[in-house]
Amino acid sequence: MLPSVFATQLMAEAGSAAGRPGLLMAVAVTTAAASLWLLLPKGLEHKLTRPAGFILGAVALAAFALAGRRLGSIGEEAVFALVALVAVVSATATIVTRSPVYAAIWFAMTLAGVSGVLLILGAQFLGVATIVVYAGAILVMFLFVLMLAQPSGLASYDRVSSEPMLSAIAGAVLVGLLTISIGRLSAPVPADDVEAAATAESDAPADSVTAVVPDPLFENHVARLGGELFGRHLIAVEAAGVLLFVALVGAIAVVTRGEAAALAEGRPTR
Amino acid sequence: MTPVTHPMSVTSTSLVSASAGLRRRIWPAVAGCLTAMVALLLAVPSHAADTAAVPTAAVPTATAVPSMDLAPDGVLQNGLLHNGLLVGALLFALGLVGILTRRNMIVMFLSAELMLQGVSVSLVSWSRYHGDWGGQMLVIFVLTVAACEAAVALVFVLQAFSRTGRLDANAWQSLRESVLPRTIDQALPPLDGGVTHWPTLTPAGVEPAHDEEALLEREHV
Chain A
1 MLPSVFATQL
11 MAEAGSAAGR
21 PGLLMAVAVT
31 TAAASLWLLL
41 PKGLEHKLTR
51 PAGFILGAVA
61 LAAFALAGRR
71 LGSIGEEAVF
81 ALVALVAVVS
91 ATATIVTRSP
101 VYAAIWFAMT
111 LAGVSGVLLI
121 LGAQFLGVAT
131 IVVYAGAILV
141 MFLFVLMLAQ
151 PSGLASYDRV
161 SSEPMLSAIA
171 GAVLVGLLTI
181 SIGRLSAPVP
191 ADDVEAAATA
201 ESDAPADSVT
211 AVVPDPLFEN
221 HVARLGGELF
231 GRHLIAVEAA
241 GVLLFVALVG
251 AIAVVTRGEA
261 AALAEGRPTR
Chain B
1001 MTPVTHPMSV
1011 TSTSLVSASA
1021 GLRRRIWPAV
1031 AGCLTAMVAL
1041 LLAVPSHAAD
1051 TAAVPTAAVP
1061 TATAVPSMDL
1071 APDGVLQNGL
1081 LHNGLLVGAL
1091 LFALGLVGIL
1101 TRRNMIVMFL
1111 SAELMLQGVS
1121 VSLVSWSRYH
1131 GDWGGQMLVI
1141 FVLTVAACEA
1151 AVALVFVLQA
1161 FSRTGRLDAN
1171 AWQSLRESVL
1181 PRTIDQALPP
1191 LDGGVTHWPT
1201 LTPAGVEPAH
1211 DEEALLEREH
1221 V
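Order-wise, the sequence lines are chains A and B.
Using my numbering, the letters of the first sequence map in sequence onto residues 1 to 270.
Using my numbering, the letters of the second sequence map in sequence onto residues 1001 to 1221.
The set of hints was computed from the structure by calculation and includes no laboratory data.
Every residue, glycine too, gets a C-beta built ideally from N, C-alpha and C.
There is no bait here: all hints are sound.
Distance ranges between label pairs, derived from CB positions: (1) A:Gly226 to B:Leu1216: 48 to 56 Å; (2) A:Lys47 to B:Leu1215: 49 to 57 Å; (3) A:Ala137 to B:Gln1173: 27 to 35 Å; (4) A:Ile252 to B:Asp1211: 38 to 46 Å; (5) A:Met147 to B:Leu1180: 27 to 35 Å; (6) B:Pro1203 to A:Ala223: 50 to 58 Å; (7) B:Pro1199 to A:Val128: 27 to 35 Å; (8) A:Ala52 to B:Val1206: 46 to 54 Å; (9) A:Gly266 to B:Val1152: 23 to 31 Å; (10) A:Ala253 to B:Ala1036: 46 to 54 Å; (11) A:Ser73 to B:Asn1170: 49 to 57 Å; (12) B:Val1206 to A:Val254: 47 to 55 Å; (13) B:Thr1202 to A:Val128: 37 to 45 Å; (14) B:Pro1208 to A:Ile252: 41 to 49 Å.
Stretch by stretch, here's where chain A covers chain B in the computed footprint (C-beta under 8 Å, at least three residues): (15) 1078 to 1090; (16) 1159 to 1165.
So that you can see chain A by itself, here it is in the shape it has in the complex (with noise of 0.2 Å):
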């Protein structure tokens, strides 16, 4: 089997940092095909599909978690690790779930993670605002129309999905076009050459030279973002507030108008 032989090679060339990151994302692109292929609904399937995907998808995974940059310690690693995980795992989730309720279900748990993400990268208020606004309005949303609108049971097209293969490999070729893009803006530093560039750069003195560099955006965050919201951005505020109100007019137009013509045509309304 083809990705099997990939990852024993793979586990053989993962000592190396540098390794062969063109092979490792090779590997990691053709196993999250397979495995996405193998996970989406298409009707018929066998007892094993499922094992099979996950496998794939766990080797997937791996092979992208060994794509990824060293950050500052290893605690900081596995937080990011972690969330990033949650949010990976539970996206897939959502779109190979059988059960629209699920899916919306696992989204949150994709906000969950992709809102420790955010925390992560610095951005205090958006990772709360991810959980408040999307979790607690939008999700809440898609629950409502859910609940209006699912038939009792599964449907049967939510059991089939249209060319999961074609898919699988277009979402494939697209994240390998990203991350060859993303691994040629900025070349791999190695691990050696960390602590002796930053001294040579910099002027630090050296116990310096291994803590975590502050974010510039971490001082006074939620104020200073207030401040640059309301000041730089405020046409671009008022905007957006024409834009909700456009869309809360234009929501309610579309329902009463629905309503009306199906009242003209004798269809039964809700």
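Place chain B on chain A using the hints.
This is chain B only, laid out in the frame that chain A set:
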């Protein structure tokens, strides 16, 4: 407008598939695409080795970071940027796959929100890297637009549902281009029954007798 098939007339078992001709035309392209992808990925180390061969050699390496008004570390924030962009790319691609392949309109919109989440993670990574507020401001407006989009989209989903009785995007395939083949419904095996069993509460005790008159008299609870 073309009358849409009534929900009752649609068999409960349906399977979407493109026509065989379309499939035959697509597969060579798909195979070539994936092969080119893997070949390109395998060629990455050579590109990274000699950046002189790459015409776009203006790669912002770690040493380029201190030229911006930033803390002169480069490496740590570069790692955060790389990992954040990777997570964002994964989320975006997963959302793309979901919106391409799922048929339930609500799951499709969840996938769209997933793509927005990926974009948000990427924007905040850039904001952290550059040390300015631009990315975070954009994410705030992404949140706003996502709220508007969800409201309007859910109204459309509800309207579509009230017309067809299904949340199926393929119920609207009469809107497709006239040259495209019609989606063919095929038989689907019966459900194994593991999913549709919802939990029920066991009855506890005896239901007390209701005093109907007292219930009617209670106007203010």
